[in-house]
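**Student:** Which chain is which? The protein sequence lines are F and B, in order.
Counting in the working numbering, the first sequence runs from 4 upward without gaps.
Counting in the working numbering, the second sequence runs from 396 upward without gaps.
Hints are not guaranteed to be accurate.
[What the hints assert, rightly or not] For each label pair, taking beta carbons as the anchor points, the in silico distance ranges come out as:
1) B:T699 <-> F:Q159: 52 to 60 Å
2) B:A522 <-> F:E284: 52 to 60 Å
3) B:P445 <-> F:E219: 24 to 32 Å
[As the list claims (entries may be wrong)] Keeping only pairs whose Cα atoms sit at most 20 Å apart, straight-line, the calculated EDC-like set for lysine to aspartate or glutamate is:
4) F:K189 <-> B:D450
5) F:K254 <-> B:E446
6) B:K613 <-> B:E558
7) F:K190 <-> B:E558
8) F:K348 <-> B:D560
9) F:K190 <-> B:D573
10) F:K105 <-> F:E325
11) F:K189 <-> B:E558
12) F:K348 <-> B:D573
In short, the hints are calculated from the structure, not lab data.
Note that the structure is a prediction, hence the values are computed from the model and not measured.
A virtual CB, placed ideally from N, CA and C, is assigned to each residue, including glycine.
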Amino acid sequence: MVSRRGLSLSEKHSELHIAETGLDVPAATLRAMYVTMLRIRRFEERVAELVYPLKEIVCPCHLYIGQEAVATGVCSALKKEDWVFSTHRSHGHYIAKGGDIKALMAELYGKETGCSRGRGGSMHLSSPEQGLAGSSAIVAGTIPLAVGAALAFSMQGRDSVSVPFFGDGAAGEGVFYESLNFASLKKLPVVFICENNLYSTHLPISACLGHIQIWEKAEAFNMPGIRVDGNNAVEVFQAARRAVDDARLGKGPTLIECMTYRWRGHVGPHDDIDKGLRSKEELDYWMQRCPVKALEQFLLTHGVLAESEKAKIIKSIDKEIEDSITFAKKSPYPDACSSLNHVFKT
Amino acid sequence: MRQLSYAQAINETLHQMMERDSRVFLIGQGVTSPWYVGTTTTGLIDRFGPERVVDTPVSENGVTGVAVGAALCGMRPVLMHPRMDFMYYAMDQIANHAANWHYMFGGQLSVPLTIWGIINRGGEQAAQHSQALQAMFTHIPGLKVVMPSNPYDAKGLLVASIEDDNPVVYIDDRWLYDHVGEVPEELYSVPIGKGIIRKEGKDVTVAATSYMVYEASKAAEALEKEGVNVEVIDIRSLKPLDENLLFKSVRKTGRLVIADGGWKTCGVGAEIAARVAENDIFKKLKAPVVRVSLPDTPAPASSTLEQAYYRKAEDVVKAIRKVVGG
Numbered sequence: 004m005v006s007r008r009g010l011s012l013s014e015k016h017s018e019l020h021i022a023e024t025g026l027d028v029p030a031a032t033l034r035a036m037y038v039t040m041l042r043i044r045r046f047e048e049r050v051a052e053l054v055y056p057l058k059e060i061v062c063p064c065h066l067y068i069g070q071e072a073v074a075t076g077v078c079s080a081l082k083k084e085d086w087v088f089s090t091h092r093s094h095g096h097y098i099a100k101g102g103d104i105k106a107l108m109a110e111l112y113g114k115e116t117g118c119s120r121g122r123g124g125s126m127h128l129s130s131p132e133q134g135l136a137g138s139s140a141i142v143a144g145t146i147p148l149a150v151g152a153a154l155a156f157s158m159q160g161r162d163s164v165s166v167p168f169f170g171d172g173a174a175g176e177g178v179f180y181e182s183l184n185f186a187s188l189k190k191l192p193v194v195f196i197c198e199n200n201l202y203s204t205h206l207p208i209s210a211c212l213g214h215i216q217i218w219e220k221a222e223a224f225n226m227p228g229i230r231v232d233g234n235n236a237v238e239v240f241q242a243a244r245r246a247v248d249d250a251r252l253g254k255g256p257t258l259i260e261c262m263t264y265r266w267r268g269h270v271g272p273h274d275d276i277d278k279g280l281r282s283k284e285e286l287d288y289w290m291q292r293c294p295v296k297a298l299e300q301f302l303l304t305h306g307v308l309a310e311s312e313k314a315k316i317i318k319s320i321d322k323e324i325e326d327s328i329t330f331a332k333k334s335p336y337p338d339a340c341s342s343l344n345h346v347f348k349t
Numbered sequence: 396m397r398q399l400s401y402a403q404a405i406n407e408t409l410h411q412m413m414e415r416d417s418r419v420f421l422i423g424q425g426v427t428s429p430w431y432v433g434t435t436t437t438g439l440i441d442r443f444g445p446e447r448v449v450d451t452p453v454s455e456n457g458v459t460g461v462a463v464g465a466a467l468c469g470m471r472p473v474l475m476h477p478r479m480d481f482m483y484y485a486m487d488q489i490a491n492h493a494a495n496w497h498y499m500f501g502g503q504l505s506v507p508l509t510i511w512g513i514i515n516r517g518g519e520q521a522a523q524h525s526q527a528l529q530a531m532f533t534h535i536p537g538l539k540v541v542m543p544s545n546p547y548d549a550k551g552l553l554v555a556s557i558e559d560d561n562p563v564v565y566i567d568d569r570w571l572y573d574h575v576g577e578v579p580e581e582l583y584s585v586p587i588g589k590g591i592i593r594k595e596g597k598d599v600t601v602a603a604t605s606y607m608v609y610e611a612s613k614a615a616e617a618l619e620k621e622g623v624n625v626e627v628i629d630i631r632s633l634k635p636l637d638e639n640l641l642f643k644s645v646r647k648t649g650r651l652v653i654a655d656g657g658w659k660t661c662g663v664g665a666e667i668a669a670r671v672a673e674n675d676i677f678k679k680l681k682a683p684v685v686r687v688s689l690p691d692t693p694a695p696a697s698s699t700l701e702q703a704y705y706r707k708a709e710d711v712v713k714a715i716r717k718v719v720g721g
């Protein structure tokens with residue numbers, strides 16, 4: 004982790020010191036994070052099969068496998084009343100913020116019972132009651148929306164925090180910088196989360212940015228910037244928690260760059276190695292740094308999780324996922340007669 | 396009744412709406428500027444402070460997104476763009492985000508946002524400070540578009556825009572700011588989606604928008620003396636469009652001229668003409684429809700070119716003569 008303002012933990016959190024792990028993170032939080040990451044992993048792997056070869060899901064799915072620690076670490080530092088805004092790669096954020104899995108699967112199947120009533124598909128998930136305000140497939144598109152939500156929070160006297168998730172590709176968009184500037188100018192409660200998975204669709208980030216240290220852009224806007232290991236859920240959580248606390252206390256925004264990697268290609272279940280977009284060696288390197296395995300190993304080592312519990316957790320998650328598929332398949336498609344609905348709120 | 400200028404009507408509305416509803420705030424580039432907004436925001440900053448009168452950096456897309464985000468989160472922002480030309484920067488947030496949000500998530504959150512776009516042309520300002528982009532916004536599903544032509548509607552449509560649960564593009568024209576008319580002091584709203592007959596007539600319908608309603612009314616008056624009885628319809632709401640009012644009038648007169656201050660190709664006139672052509676009343680037309688609009692060129696600087704570029708009452712007169720066969 005690199006930070007302009009060092010790594011010392013706030014006094015507030017030192018009270019939470021947990022003996023087993025030596026971390027200032029409660030064991031229950033760590034366990035919950037592990038379960039969330041596994042839910043995302045198992046869900047996405049099943050979706051990959053449903054897209055291909057099963058071809059049951061048609062809408063384009065940008066899978067989150069490999070990046071689970073980011074959504075999980077960040078959302079574990081948030082309250083339900085805090086808002087997050089997501090991207091085209093939105094399944095992980097939806098699950099981590101507490102969205103209903105059945106409604107998610109139904110959305111991928113294009114059903115009326117989906118979280119967006121079949122109007123959005125994979126790239127447009129929302130769960131306002133859980134604090135996921137929505138997700139946009141326009142790169143960097145939700146960054147200013149999150150800043151606006153933070154402006155509303157401050158006008159309304161609420162102590163909520165707003166979080167836009169975005170990829171490294173978003174650092175090529177002007178609106179990213181406009182948003183950093185406005186949030187800094189007004190000292191708004193925003194925590195900017197850049198998930199740097201090293202690729203902007205097919206292009207390596209080094210072919211996109213003149214300066215690839217995205218976290219350093221923060222300095223130009225007079226706000227703290229941090230780069231963390233995005234495959235280390237605990238590290239992400241700790242960084243997010245501190246930034247969220249700062250935002251809640253009125254100290255303004257923070258930019259956190261989480262270094263991670265997506266195992267599948269930009270879109271769909273394939274790995275894109277055959278297309279010459281990246282090497283098998285690179286993928287192997289990152290798969291050895293699996294964020295789920297890393298947290299699992301940490302919990303096992305410190306006795307927070309027992310080896311015997313793993314199978315039970317996975318079984319329960321898999322049942323939830325299979326139930327969601329059954330639910331999605333049984334659900335009706337939107338009535339074609341309703342195709343003009345929801346253009347305007349009436 | 397009390398008389399106010401168009402600019403005063405907007406100013407009074409902003410004062411009253413911000414006083415009445417703490418969710419309403421004004422945001423945009425130049426909301427406290429002495430030259431961007433005329434007198435429409437006079438006194439707001441002193442009364443409501445910089446927290447609710449947010450003058451912004453020059454970041455059209457970012458600031459538009461901020462307003463959309465605040466609207467999603469329960470506020471009712473009035474987002475001002477001092478010239479429509481600058482709104483191209485903000486098209487992503489307007490068209491991809493504000494307009495789509497309610498539909499894209501199956502009718503959950505909505506965007507109660509007033510996007511106030513100012514047409515500010517003439518004075519040799521040329522191609523990037525003169526544009527009237529109502530047709531472009533009207534094209535996009537999920538946006539409502541209104542254009543008040545007089546002080547009464549400037550107030551009533553602004554109230555309706557702020558009260559609407561959806562994004563409304565409220566377009567005014569600086570050429571109207573000094574026009575004076577009756578404006579009630581109390582708050583009232585003019586319904587979005589309703590046009591109005593400004594002058595009844597039986598020979599020809601002139602459907603006009605915004606400033607062109609003024610020019611069309613002058614044209615109607617001039618032709619009255621020649622015995623041509625013109626009906627002037629103020630479209631007011633481009634989306635939703637009050638087709639019934641339009642069709643009823645055309646059915647009566649059998650002739651249609653459309654006067655709009657935007658470009659011709661794919662413009663407001665094209666849409667209105669097409670609506671009539673698709674309807675049975677097409678058969679009642681006694682002459683081809685004529686459009687009065689800007690030529691398909693950018694706005695010029697030099698005054699001689701400007702004179703030739705912008706449309707006035709005499710252009711509407713010519714168009715009417717053409718359809719009545721004079």
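**Student:** Decide, hint by hint, whether the structure agrees.
**Tutor:** Verification of the hints:
Take B:T699 and F:Q159: their Cβ atoms lie about 54 Å apart, and the range 52 to 60 Å holds. At roughly 54 Å, the beta carbons of B:A522 and F:E284 sit within the given window of 52 to 60 Å. At roughly 31 Å, the beta-carbon separation of B:P445 and F:E219 lies within the given 24 to 32 Å, and the hint holds. Note on F:K189 and B:D450: the hinted pairing holds, with a Cα-Cα distance of about 11 Å set against a maximum of 20 Å.
At most 20 Å may separate the alpha-carbon atoms for a hinted pair to count; F:K254 and B:E446 meet this at roughly 17 Å. For a cut-off of 20 Å, the pair hint linking B:K613 to B:E558 is broken: about 33 Å separates their Cα positions. Taking the CA atoms of F:K190 and B:E558, the gap is about 29 Å. The hint is violated against a cut of 20 Å. Pair hint F:K348 plus B:D560 holds up; C-alpha atoms about 6 Å apart against a cutoff of 20 Å.
Taken as a hint, the F:K190 and B:D573 pair is broken in the structure, with Cα atoms around 39 Å apart against an allowance of 20 Å. Only pairs whose Cα atoms come within 20 Å are accepted, and F:K105 paired with F:E325 is accepted, the gap being roughly 9 Å. Distance restraint check for F:K189 and B:E558: the Cα-Cα separation of roughly 27 Å exceeds the 20 Å cut-off, and the hinted pair is therefore not satisfied. Straight-line distance between C-alpha atoms of F:K348 and B:D573 comes to about 35 Å, which puts the hinted pair past the 20 Å bound.
Of the numbered hints stated above, those contradicted by the structure are hints 6, 7, 9, 11, 12, listed in ascending order.
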